[in-house]
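Asker: If you want the building blocks of each chain, they are given just below.
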Amino acid sequence: MLDILGNLVTGVPMTLFLTFGALLVGVILGIPICMARRSHHPVLSNLAAAVIVAIRSIPPLVWLFLIYFGLGSGILRLSPLVAALGGLGLITAVNMAEIYRGSLAAIHAGQWEASQALGLPRWSRLVEIIGPQVARISLPAVATYAIGLLKDTAVASIIGVPELAFKGTYLSQQTFKGLEIFAAVGFLYIAMSLPIAWVSRLVDARIRQRVAQ
Amino acid sequence: MNETSATDIRPLVLVEGLRKSFGSHEVLKGIDLSVQRGEIVAIIGPSGSGKSTLLRCVNQLETHTAGTVTVAGVTIGPDSASHDRELQKLRRNVGMVFQSFNLFPHLNVLRNVSIAQQRVLGRSQAEADERSMQLLTRVGLADKAKQYPARCSGGQQQRIAIARALALDPQIMLFDEPTSALDPELGLEVLAVMRELAEGGMTMIVVTHEMHFAEDVSNRVLIMADGEIIEQGPSREVMQKPQTERARQFLSAVRDR
Amino acid sequence: MSEILGLWLEWLPRLLGGLWLGCKVAGLSLILGIPLGLVLALTVQAKSTVLRAATLVVVEIGRGTPALVLLQLAYFGLPSAGLTLSAMAASVLALAVCAAAYTSEIIRGGLEAVAAGQKEAADALGMSRLDKLRFIVLPQGLAVALPPLLGFSITILQGTSLCFAITLPELISQAYAIGASTFRYLPALVLASLLYAAICIPASMLVGVLERRLGAHHRA
Ligand SMILES: Nc1ncnc2c1ncn2[C@@H]1O[C@H](COP(=O)(O)OP(=O)(O)O)[C@@H](O)[C@H]1O
Ligand SMILES: [Mg+2]
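These protein sequences, in sequence, are chains A, B and C.
Quick note: the first sequence uses the working numbering, first residue 1, plus one each step.
Quick note: the second sequence uses the working numbering, first residue 1, plus one each step.
Quick note: the third sequence uses the working numbering, first residue 1, plus one each step.
A portion of the hints provided could be inaccurate.
As the list claims (entries may be wrong) - Chain B stretches covered by chain C per the calculated footprint, using a threshold of three residues with CB under 8 Å from any CB of chain C: (1) 88–96; (2) 112–121; (3) 164–174.
Think of the hints as simulated: they come from the structure by calculation, not from any bench.
C-beta: ideal position from N, C-alpha, C; glycine also.
Sequences are here, hints too, so could you generate the full structure?
Answerer: Next comes the structure, spelled out in structure tokens:
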């Protein structure tokens, strides 16, 4: 059992890289999508809404296939890792946009007015007053999403990214000890999600404290 | 069956040495109370004095920490030592009306009144519905039978809640501020139903802020403060000539309002 | 363009067959998983500490393990314990476990949303525990849980795409096979995506409508 675990653990860094890579892509790309969604321009906001719905309604694995096999057959050849990062990042981005939108709605209207009254320019209002608050309110939802994303990265194994689930599949084909191996893979995913939950609670408490002071 | 016959001279409700704590906070500090058949007892007192908790201990929605509660011959000791059976036996004799009505929003008015008759008393649906219609007629709401509670006014909902409790033919009715959530004119229609019940001989314990009801309708008034009964006696006497300073203060405070 | 439309028309029956298989797997997993989720939602509130702890472990394993790994465990793992399942059976089993774990949390949330006064009213009427659950708490709690349960059903339907990994000939397997034999991966996968969207978009809109309805009902 120990040698199985030792073997599987070599896939963990890639799983974490995929998770945080896609999260980073999504956290950043989510900002313009959210702004487009909230834009007063009806074409832009409807377009953003349609994109959000469309991306969510297609399963992650299908996105990976579309990018890796679909684009890959003659249009744009990407490595499995880049295809996976792109697909998972895209899905994460629209979900982040929706999380931000919820947080913006939760910010008291007075904050907007106050920052306007201070005469701050629109851009610095966004960056200095609203941005940090959105980040703060979004954090728990983002952490929950990150744990879900960690599990979703397993689909990358199907297009050949050598992460944890991939190692599991490979090892089970080599040894025919499928039960132990996939149980160990499941255990490792659970074990990885615990620290994420723990760190997010810690950070959340820290910020709460600082806000309270 | 003997112990619940109409000629029984033992009290219908007997509360002895009742104590209740939430954690380290003692909310009832040794309450003794006995209620005879046909008696109407009003409980008044400042908010937070433990009136609701006392009422909820009588039908064991709240378990108590020390003492005993006896209703119609069923005695319950402290801290849920008793089984579900015993509790159901006790509750079968006790009807309760809540401040917030607590009608079942997913059932129509008729089902609200019938459901416990069928499930608790084992009546057939036809029997239960017939009894429900009688009671709804009595509270003036027969025409609402097929409506859902959300379509009824607060006063109507509370009258339905009274019908629902009466449907189990309880020996005693408990009311926890039944009109506090209502506009005054809607409260009046509820009070009218309660008055009628009282005239019909129903035994009642009523927690209320309606001083007129306490004085005119009830036979006895209890004043509670800080988890204790600070004064009790015949309604007129307590309301007009309170003996203790705290009772005087409380009564003058509520009258000023 | 017309060339692609022609191809799509040619492929459509095969892809629809795959979609239908996915729907069947999703439906069966939900039929098994939701009642099991209901049981877990109840045992997690049980008085017995052992039962509560056991429930928590089952739910955390079911939710913490990727659905793909559950599928592989059922299909590639169970044979080494002497239980060989068809791809269909393994898919239903794994997704049912996943569904049970997730829906138990959804249903628990619904049951907890039932006002305390409702339970007290049932108690005050002398209703038994079981009757209180059956006639008062469950109908109201499940009504609250209905929109998220439907939302989760969409997720499970999407999750059937993962059964590709255990050779179930569902929609994506069919699209992939077409791509592999014709080298027209992109149009095949796009058509598959459109089919998913054609089901999932209206379904999510329905969930939204239900949510608003229910919200209005509760405010009343
Ligand atoms: N479930 C509970 N948990 C903790 N404290 C409670 C609970 N219910 C009531 N209390 C406390 O008990 C005291 C008496 O409450 P209650 O019986 O509701 O008073 P009243 O009905 O006279 O206003 C209050 O201090 C209240 O805060
Ligand atoms: Mg009270």
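Asker: Which hint numbers does the structure go against, in order from smallest to largest?
Answerer: none
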